[in-house]
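Can you build the whole structure from these sequences, using the hints too?
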Amino acid sequence: MKVGDIEILPVFDGTGREVATEVLTRPGVDDPWACHPGCVAADGVLRLPLGGFLVRTGQRVVLVDTGVGGINNDKYTGGGFLDSLRAHGVAPEDVTDVLFTHLHFDHVGWASRRGAVVFRNATYRAHADDWAHFVTSPDAEAGAVRKLSPLEPQLELFTADGPLAPGVDARHTPGHTPGSTVYVISDREQRALLLGDVVHSAVELAEPDWRAVFDVDPVAASAVRNQLADEVADTPDLVVGAHFPELRFGRVIRAGGPRRFQAI
Numbered sequence: 001m002k003v004g005d006i007e008i009l010p011v012f013d014g015t016g017r018e019v020a021t022e023v024l025t026r027p028g029v030d031d032p033w034a035c036h037p038g039c040v041a042a043d044g045v046l047r048l049p050l051g052g053f054l055v056r057t058g059q060r061v062v063l064v065d066t067g068v069g070g071i072n073n074d075k076y077t078g079g080g081f082l083d084s085l086r087a088h089g090v091a092p093e094d095v096t097d098v099l100f101t102h103l104h105f106d107h108v109g110w111a112s113r114r115g116a117v118v119f120r121n122a123t124y125r126a127h128a129d130d131w132a133h134f135v136t137s138p139d140a141e142a143g144a145v146r147k148l149s150p151l152e153p154q155l156e157l158f159t160a161d162g163p164l165a166p167g168v169d170a171r172h173t174p175g176h177t178p179g180s181t182v183y184v185i186s187d188r189e190q191r192a193l194l195l196g197d198v199v200h201s202a203v204e205l206a207e208p209d210w211r212a213v214f215d216v217d218p219v220a221a222s223a224v225r226n227q228l229a230d231e232v233a234d235t236p237d238l239v240v241g242a243h244f245p246e247l248r249f250g251r252v253i254r255a256g257g258p259r260r261f262q263a264i
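Once you know that position 122 of the sequence shown is 122 in our numbering, the rest is easy, because the numbers rise by one and skip nothing.
Rather than coming from a laboratory, the hints here were simulated on the basis of the structure. It is possible that some hints are incorrect.
[Said to hold, decoys possible] With a straight-line Cα cutoff of 20 Å, these simulated SDA-like cross-link-like pairs (lysine to any residue) come out:
| hint | residue 1 | residue 2 |
| --- | --- | --- |
| 1 | 2 | 189 |
| 2 | 2 | 248 |
| 3 | 75 | 144 |
| 4 | 2 | 262 |
| 5 | 2 | 215 |
| 6 | 75 | 2 |
| 7 | 75 | 212 |
| 8 | 2 | 172 |
| 9 | 2 | 84 |
| 10 | 75 | 166 |
| 11 | 75 | 23 |
| 12 | 2 | 190 |
| 13 | 75 | 40 |
| 14 | 2 | 144 |
| 15 | 75 | 189 |
[Unchecked claim] Restraint-style ranges between C-beta atoms, simulated for each label pair:
| hint | residue 1 | residue 2 | range |
| --- | --- | --- | --- |
| 16 | 114 | 34 | 44 to 52 Å |
| 17 | 234 | 70 | 18 to 26 Å |
| 18 | 2 | 254 | 42 to 50 Å |
| 19 | 149 | 257 | 43 to 51 Å |
| 20 | 121 | 34 | 33 to 41 Å |
| 21 | 209 | 234 | 26 to 34 Å |
| 22 | 146 | 39 | 29 to 37 Å |
| 23 | 157 | 209 | 12 to 20 Å |
| 24 | 146 | 254 | 41 to 49 Å |
| 25 | 35 | 156 | 38 to 46 Å |
Note that CB positions come from ideal geometry on N, CA and C, so glycine has one too.
Okay, structure coming up:
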């Protein structure tokens, strides 16, 4: 994927498996998945690719999210992130920046390993509200503290929207988590939006009333999701969610009817 002169590549780590009807619902709709054949396997499982994106911009080698890491259980399996990165010709020491859309475990898995920072030459960046929620609050998650605390010597927190690398802008989109962030990649009047978990499945870009069990603030998450979907609908802007099939980009199409996502 190219946005102007900026290259964006998927970095695969593994797969998550969730019962679709347990994690994504539409209040008052008995079988919301019936309208989206092919989005869920015959066994009712929603398969979620895990990984992140490699963004080459200017002299910077940027990662957006770092997969789930070495987890291997009945729901989430990782382990392929560094091999996928090397397949793109990038070694861990080549990475200059790591940007987190948010700090859930399946997005920070390769941030550190056994207390050691994986991308030792990189500056790590996250929204301050997520760092407070996951790491420094009195009820912070112990796993997040263990995983993320080693980053502190290389960490830069941000609160304002704006550029973090050439052609890469942060946009605060709270709801899924307090510091949930969309990264807008732009160059030569082209744009692509890395949505993180603002959207877990492309179906959420269709009907406006989907609810995700993972969202910290479902009302805020729904509002920002629909605002973004309406903003990009029927424009050349490309979008991708962090768990879209094959991590493929697409466009939101409305053309006078209901919204829908069309992969490219």
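Do the hints match the structure? See the list:
Proximity of residue 2 to residue 189 is assessed by CA-CA distance (about 12 Å); at most 20 Å being required, the pair is judged to hold. The suggested pairing of residue 2 with residue 248 holds, with an alpha-carbon distance near 13 Å, which does not exceed 20 Å. The suggested pairing of residue 75 with residue 144 holds, with an alpha-carbon distance near 18 Å, which does not exceed 20 Å. With a C-alpha separation of about 18 Å, the suggested pair residue 2 and residue 262 falls inside the 20 Å cut-off, and the hint holds.
For a cut-off of 20 Å, the pair hint linking residue 2 to residue 215 is broken: about 31 Å separates their Cα positions. Taken as a hint, the residue 75 and residue 2 pair is broken in the structure, with Cα atoms around 33 Å apart against an allowance of 20 Å. With a C-alpha separation of about 17 Å, the suggested pairing of residue 75 with residue 212 holds against the 20 Å cut-off. In summary, the hint linking residue 2 to residue 172 is not supported, as the alpha carbons are separated by about 24 Å, beyond the 20 Å threshold.
The hinted pair formed by residue 2 and residue 84 meets the criterion: a straight-line CA distance of about 19 Å does not exceed 20 Å. For the given pair, residue 75 sits about 37 Å from residue 166 by alpha-carbon distance, which is inconsistent with the 20 Å threshold. Among the hinted pairs, residue 75 with residue 23 is consistent with the structure: their alpha-carbon atoms are about 13 Å apart, no more than 20 Å. Restraint check for residue 2 and residue 190: satisfied, since their Cα atoms lie roughly 9 Å apart, inside the 20 Å limit.
A hinted pair counts as satisfied when its Cα atoms are at most 20 Å apart, and residue 75 with residue 40 qualifies at roughly 15 Å. Only pairs whose Cα atoms come within 20 Å are accepted, and residue 2 paired with residue 144 is rejected, the gap being roughly 33 Å. At most 20 Å may separate the alpha-carbon atoms for a hinted pair to count; residue 75 and residue 189 exceed this at roughly 40 Å. For residue 114 and residue 34, the hinted distance range of 44 to 52 Å is satisfied, since their beta carbons lie about 45 Å from each other.
Checked against the hint of 18 to 26 Å, the pair residue 234 and residue 70 fails, with Cβ atoms roughly 42 Å apart. In this structure, residue 2 and residue 254 break the distance hint of 42 to 50 Å, their C-beta atoms being roughly 25 Å apart. One distance hint, 43 to 51 Å for the beta-carbon pair residue 149 and residue 257, holds here, with the actual separation near 49 Å. Restraint check, residue 121 to residue 34: a C-beta distance of roughly 49 Å breaks the suggested window 33 to 41 Å.
At about 21 Å, the beta-carbon gap between residue 209 and residue 234 misses the expected band of 26 to 34 Å. Taking 29 to 37 Å as the suggested C-beta distance range, the pair residue 146 and residue 39 conforms, at roughly 35 Å. Taking the beta carbon of each, residue 157 and residue 209 are about 33 Å apart, not inside 12 to 20 Å as hinted. For the pair residue 146 and residue 254, the beta carbons lie near 44 Å from each other, so the given range of 41 to 49 Å is met.
Taking 38 to 46 Å as the suggested C-beta distance range, the pair residue 35 and residue 156 conforms, at roughly 43 Å.
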